[in-house]
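Given chain A's structure and the hints, the job is docking chain B onto it.
Heads up: the sequence lines are chains A and B, in that order. Residue 87 in this note's numbering sits at position 87 of the first sequence, and the numbers go up by one each step. Each number in this note's numbering corresponds to the 1-based position in the second sequence with 111 added.
It is worth saying that the hints were derived from the structure and are not from the lab. Keep in mind the model is a prediction, meaning the values are calculated, not measured. Fair warning: there could be bad hints in the mix.
[Said to hold, decoys possible] DSSO-like, lysine-lysine: derived pairs with alpha carbons at most 27 angstroms apart:
hint: 1; chain 1: A; residue 1: Lys1; chain 2: B; residue 2: Lys168
hint: 2; chain 1: A; residue 1: Lys110; chain 2: B; residue 2: Lys122
hint: 3; chain 1: B; residue 1: Lys168; chain 2: A; residue 2: Lys42
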Amino acid sequence: KQEVTQIPAALSVPEGENLVLNCSFTDSAIYNLQWFRQDPGKGLTSLLLIQSSQREQTSGRLNASLDKSSGRSTLYIAASQPGDSATYLCAVLNAGNMLTFGGGTRLMVKP
Amino acid sequence: DAGITQSPRHKVTETGTPVTLRCHQTENHRYMYWYRQDPGHGLRLIHYSYGVKDTDKGEVSDGYSVSRSKTEDFLLTLESATSSQTSVYFCATGASRDYEQYFGPGTRLTVT
Numbered sequence: 001k002q003e004v005t006q007i008p009a010a011l012s013v014p015e016g017e018n019l020v021l022n023c024s025f026t027d028s029a030i031y032n033l034q035w036f037r038q039d040p041g042k043g044l045t046s047l048l049l050i051q052s053s054q055r056e057q058t059s060g061r062l063n064a065s066l067d068k069s070s071g072r073s074t075l076y077i078a079a080s081q082p083g084d085s086a087t088y089l090c091a092v093l094n095a096g097n098m099l100t101f102g103g104g105t106r107l108m109v110k111p
Numbered sequence: 112d113a114g115i116t117q118s119p120r121h122k123v124t125e126t127g128t129p130v131t132l133r134c135h136q137t138e139n140h141r142y143m144y145w146y147r148q149d150p151g152h153g154l155r156l157i158h159y160s161y162g163v164k165d166t167d168k169g170e171v172s173d174g175y176s177v178s179r180s181k182t183e184d185f186l187l188t189l190e191s192a193t194s195s196q197t198s199v200y201f202c203a204t205g206a207s208r209d210y211e212q213y214f215g216p217g218t219r220l221t222v223t
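The shape of chain A in the complex, shown without the other chains (with noise of 0.2 angstroms):
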């Protein structure tokens, strides 16, 4: 059964700085992994989404790398701002359709 961890749960950074945030899978047959972006009473805000043949997806200033074969993903955000604080979801999806999440890292950006 696919297990996908996010480290670390929770992360408090002052604005400007470089971030990265990681994502662990246990099955590397995945179809593709998708960052989602949650912000506290709202539903799920699509990020980026790599497919399993690529390495990395840019937007902006996020920038998400896959590397499928050792089981991870990071997301890097550059120059935070207190606008990204939100808590960030990875998700695997493998046969059978499923989306399988972590449990996310809770971000806190401070001015």
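What follows is chain B alone, placed relative to chain A:
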């Protein structure tokens, strides 16, 4: 976002009553999903649909049924609500299995 709405947004119901949650999308996506989100368990798939009248079970399907009679609507029914089904329920859609999933705003359900 994929133009996903969920109704109701909040509901309180009593144990043993049936409950139906509705998901409506405007993007003509083929795939639709129902998840629940609980502290300590994260997000888990309940059921999904890969076309009109085509559905399959997810990880936590016991006590739930779904129906999809139109591309744009996906209904989740709790046949006889229990307190363990108190949760936040999210609907998601995707154009195809391998593409991004887009999530709705969620429905907070409390079973007393």
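Results of checking the hints against the structure:
1. Lys1/A - Lys168/B: holds (16 angstroms)
2. Lys110/A - Lys122/B: Given pair Lys110/A, Lys122/B is violated - Cα atoms ~35 angstroms apart, limit 27 angstroms.
3. Lys168/B - Lys42/A: Between Lys168/B and Lys42/A the Cα gap is close to 25 angstroms, so the pair holds against 27 angstroms.
Comparing the model with each earlier hint shows a violation of hint 2 alone; every other hint is respected.
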